[in-house]
Amino acid sequence: MSIILFIGRKSTRTVDPLRKGHSYHLMLSVFSLLLISCAAERDPGSLFGPAEQGTLVVDATLIVDRPMPPIFIRQTIAPNVVYTQNAAAVNTAEVIITQGASEYKYLPDPVSSLGRYLPPVAPPFILPETEYRILVRFGGKEARAVTTTPKRFTIDQALMIDVKTLEPVRDLITFRDNPNTVFTAPVNQVPYLENLIETRFQPINVKAYQVGIINLETDSDFVISGDFLDDEDFENFERKSSSPPLEVADGNLRLPWFAIAFAGRHIIQVFAMDDNWFDFARSSPETQNVGFGNLAGDNFERPIFHIDGGIGLFGSASVDSVGFVILPQK
Amino acid sequence: MRSIWVWLFVVFLPTTVQAATLSGFVTDNSNGESLLFANIALEGTTLGAVSNDNGYYAINNVPPGTYNLVVTYIGYASYRHTLTLAATENLRLEISLVPKTLNAEETVVEADRYKEERLAQPSFLSLKSTTLKDLPAVGEADLLRSLQLLPGIQAASDISSGLYVRGGGPDQTQILLDQIPLYNPSHAFGFFSTFNPDAIKDLSIYKSAYPAQYGGNLGAVLDVTNRDGNRKEVQGTGGISVIAARTTLEGPIHKGSWMVSGRRTYLEPLLNAIRSDSNNIPGYYFYDLNAKINQDLSLSDKLVVSGYFGRDDLNLDLDTGSFVKVRWGNTAVTGKWTHIFSPTLFGNFLVAGSEYVSRTSLSFFETPILFRNSIRDITVKGDLDYFASSKHNLKIGFKGTRYDFSFRQVFNQQETLTLKLKPHLLSFYIQDQWQALPTTTIRLGLRGNHFSEQGGLDLEPRLSISHSLSENVRMKFGGGLYHQYLQLITTEGFSGGDFWVPLDSTVTPGRAYQSVAGIEWDPSERYQLSVETYLSKLNNLVVIDNNQSVDGESSQSNDIFNTGGSGYATGMEFFLQRRTGALTGWIGYTLGWTRRRFAELNQGQSFHPKYDRRHDFSFVSKYKKGNWSFGSNFVYGTGQAFTPASARYALRSPATGVLPQDDFILPAGRNTARLLPYHRLDLSVTRDLNIFGRKAQFYLQVFNALNRRNEWFIQYDTQNPDTDPEVIKMLPIIPTMGLNFTF
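So the sequence lines, in the order shown, correspond to chains A and B. For the first sequence, our numbering assigns the number 1 to the initial residue and increments by one for each residue that follows. For the second sequence, our numbering assigns the number 1001 to the initial residue and increments by one for each residue that follows.
Everything labelled a hint here was simulated from the structure, so no lab data went into it. Treat each hint with caution, since some may be false.
The calculated label-pair distances, taken between Cβ atoms and stated as ranges, are [to be verified]: (1) A/178 / B/1268: 54 to 62 Å; (2) B/1410 / A/152: 27 to 35 Å; (3) A/144 / B/1418: 40 to 48 Å.
So the derived list for chain A, only partly shown, Cβ under 7 Å to chain B, looks like this [said to hold, decoys possible]: (4) 53; (5) 63; (6) 65; (7) 76; (8) 83; (9) 86; (10) 104; (11) 105; (12) 222; (13) 226; (14) 228; (15) 242; (16) 247; (17) 285.
As a list, the in silico DSSO-like pairs of lysine-lysine whose alpha-carbon atoms are at most 27 Å apart [claimed, not checked]: (18) A/164 / B/1325; (19) B/1420 / A/207; (20) B/1336 / B/1381.
Note that beta-carbon positions come from the ideal geometry of N, C-alpha and C, so glycine has one too.
If we strip away everything but chain A, and leave its shape as in the complex, we get (with noise of 0.2 Å):
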């Protein structure tokens, strides 16, 4: 009807009421039709991909100078189906871990129900710089994935610096020189906001590392406070989380503020990962804040999990710690 407006010639007749009433009808019902359409609602199952679910999920991380670990298999479950640990769990899959000609075959844990299976009795220490693969079946599918643990990694220096200077105020007492003491000593004990934590080490043939703050405390006071924090806010700080992969090519890690929820003791724990935890951890769904398709960029990708006929992480890491205090603020 428009196109017949834009290009009609003029005319000298007398305009016809009817046809004009006519006009009329034709735009109200042309509106009337835009104004339905215009409800830009849809069956939310139309937002999901092609199904899939079933696909194995490798849970398994390598700690050099630990012992072989319990890991977890699991499988994916469709996207619109609530996810609960039961229904993804795999409890009688085939577990074998191989390290040179040892293979260590894993065998699910009689107590959980969750996918966990536990080493051999009296399981090797995990060794530096060692390939280890792990082979996983279930149900006729297959999952490999191979790694190949970093050399050991040591912190050669907690301390305090100060917030302005950036200059050294004091060292704190790590677990290597007294692991009885790091909780006790006056000079672990860390007012929250004054001055900066920082690690020193240095840097091995790594990619990256992660950091592990861990609170030991089970019901410590928060420390953070701030008008714009609502009580769901709050809900959702936990007293583990992890930083993204960090480069730290000079060797010195400072621990921000924002990191330390609670008041009490506190674990910092550096991992130097190999590179399927690397890419993994770079890749993943915490690192990329998923849960935003297409924001920007396209940036709801597929993360880097290096595992041949499944998904997840097999991974290793060396790593060190150190430990303090948090006090709260006067």
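Fit chain B to the known structure of chain A by using the hints.
Okay, now just chain B, sitting in the frame of chain A:
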């Protein structure tokens, strides 16, 4: 090789000894503004010319005699003058055109001022600033949003004024103001552009296959020219909208003119009044200022100095030790000297500086974070127009730009990334517009670029051919090779953080082969119809690597970007305009495809970018009756692409050993799903008034009059037992009003 020398000899063949030359400037009689691409002809001969992009024309090789000179330009009364030229005479004739007197029923859509450029060059469109102001808008008339209504040009969302032209993103579009690039032409996080409609004289856009005088980007070129100022009298215009107030003053000075145009938001008093300790109302404002001064130093010399200054400032105070401050802005200053070496040799020489600075300071619980990005450049540029003969118009030019890039990222008082580069880009070009036949115009060009970070010389041939099948029907072809050396990192919905990065020797610069073919039909002055197809093949594309470490120190291009991408964009556009009469406007339709492929993305599979939209339709109209004008825009587009969810899974955090409370969403193939179609109707009504004896206009506009909440993006919320994804919607119905006035 011999044929090149023959060609050059023919082009530069000395003029006939007895021939005369006619030259001068074409200007608007009412205000002295130069008129670009006016048609000048000697009636009854094949001799004629088109005024160049400075309003200068030259007709040479004119045998002595008496002629009727006819000058035509849409929106102006034809100019006729009888003149006699003696042998070897060089007559300087300044032509002043009188704007047409419009009756109450008639409106001239001045969209075809650049008709002569449109005849020679495919994929070229121009708009007058009055057209921009007439289109319904949200809050403020906006140049970039108006361009989004044209075929082949899309918007990513209601929030963004970024241009997506023929399958390319804002990073591939070059935006120039008085020949100088603006690196972030947006206010309000991309909602508005930095272009004040009151300050603009004209704008033109080459959607693809742009000619040799431009270079450095893979997609489109938008060339905006500011007003020169009224050479006849001092006058002022102003306007108030719900967002901002603006005013423009202009007038004569000595042998020239001046113009100053400013715009600023005025929301701060309102925001201050409602801000309290219990809410976090941010403080925000933007302003821009355009200024220009012209002087005729002699009959052969003109000097123009112009400047643009714009800033955005956001301040959000959350609590002690927690705040967000974002400031960004552009500054550009240009000095241009125009010299007429001879009646047939015209030159422009320009020195300009442009700066874009973005500074974001954050602090959360006493942890400071700083991002600072700046790009400064100094450019020296020269362009020569040689009106060699009635068949050949040569353009030769050079450009040298010295850049100073700086990017700094500081986290918790540790410098985590510092990038400082000072590359330079040297370019030259030569172009001949050859009237091969009375019905055929060939524009042949060659551009060469040397970018210091890359080394070497990139040669870029350019070609366009226009052939008239009849008086009103033309076929056009065009194409060329294009490179891009700077890469824009942009975020839709938050353009304050945009920054540019030069591509160093670790990556190959982006390259595009473009081709277009089309047909145009002008059955009358009232209607114009064009159909055009395009194809662009892209190589060496880069895209920001979102998986870098947050403290990554490497500033090399192959570490910052995923590189080696390829892709294509192809499609067809249909454009029907009604340009005169009480009812004016256009219908545009685009059918298009675009795809990309990167080894590191989507597991190496090719994918559609988000802004790939198969069908795009626009209907723009304006109806003028007496003192009333009624406008409407209707746009319809099939859904943009998004990545859907394909599964849910859970993994312990390896650093803490804890299984998160919320599971993760596994994405399906990248951009394999589509949002619902987008459509929107905007309406406007304008009333011409007389306030204290001065012309004024009151307008009421309704953005999204049907209140359709179009889909913007999908959010998969895993924090509650509900699995329904949330669809984030775009803007609702927004009425605005304002007043424009003159004084």
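Hint check:
no.: 1; hint: A/178 / B/1268: 54 to 62 Å; verdict: 58 Å, holds
no.: 2; hint: B/1410 / A/152: 27 to 35 Å; verdict: 32 Å, holds
no.: 3; hint: A/144 / B/1418: 40 to 48 Å; verdict: 42 Å, holds
no.: 4; hint: 53; verdict: 6 Å, holds
no.: 5; hint: 63; verdict: 9 Å, violated
no.: 6; hint: 65; verdict: 16 Å, violated
no.: 7; hint: 76; verdict: 4 Å, holds
no.: 8; hint: 83; verdict: 4 Å, holds
no.: 9; hint: 86; verdict: 12 Å, violated
no.: 10; hint: 104; verdict: 20 Å, violated
no.: 11; hint: 105; verdict: 22 Å, violated
no.: 12; hint: 222; verdict: 11 Å, violated
no.: 13; hint: 226; verdict: 4 Å, holds
no.: 14; hint: 228; verdict: 4 Å, holds
no.: 15; hint: 242; verdict: 4 Å, holds
no.: 16; hint: 247; verdict: 5 Å, holds
no.: 17; hint: 285; verdict: 4 Å, holds
no.: 18; hint: A/164 / B/1325; verdict: 21 Å, holds
no.: 19; hint: B/1420 / A/207; verdict: 24 Å, holds
no.: 20; hint: B/1336 / B/1381; verdict: 9 Å, holds
Of the numbered hints stated above, those contradicted by the structure are hints 5, 6, 9, 10, 11, 12, listed in ascending order.
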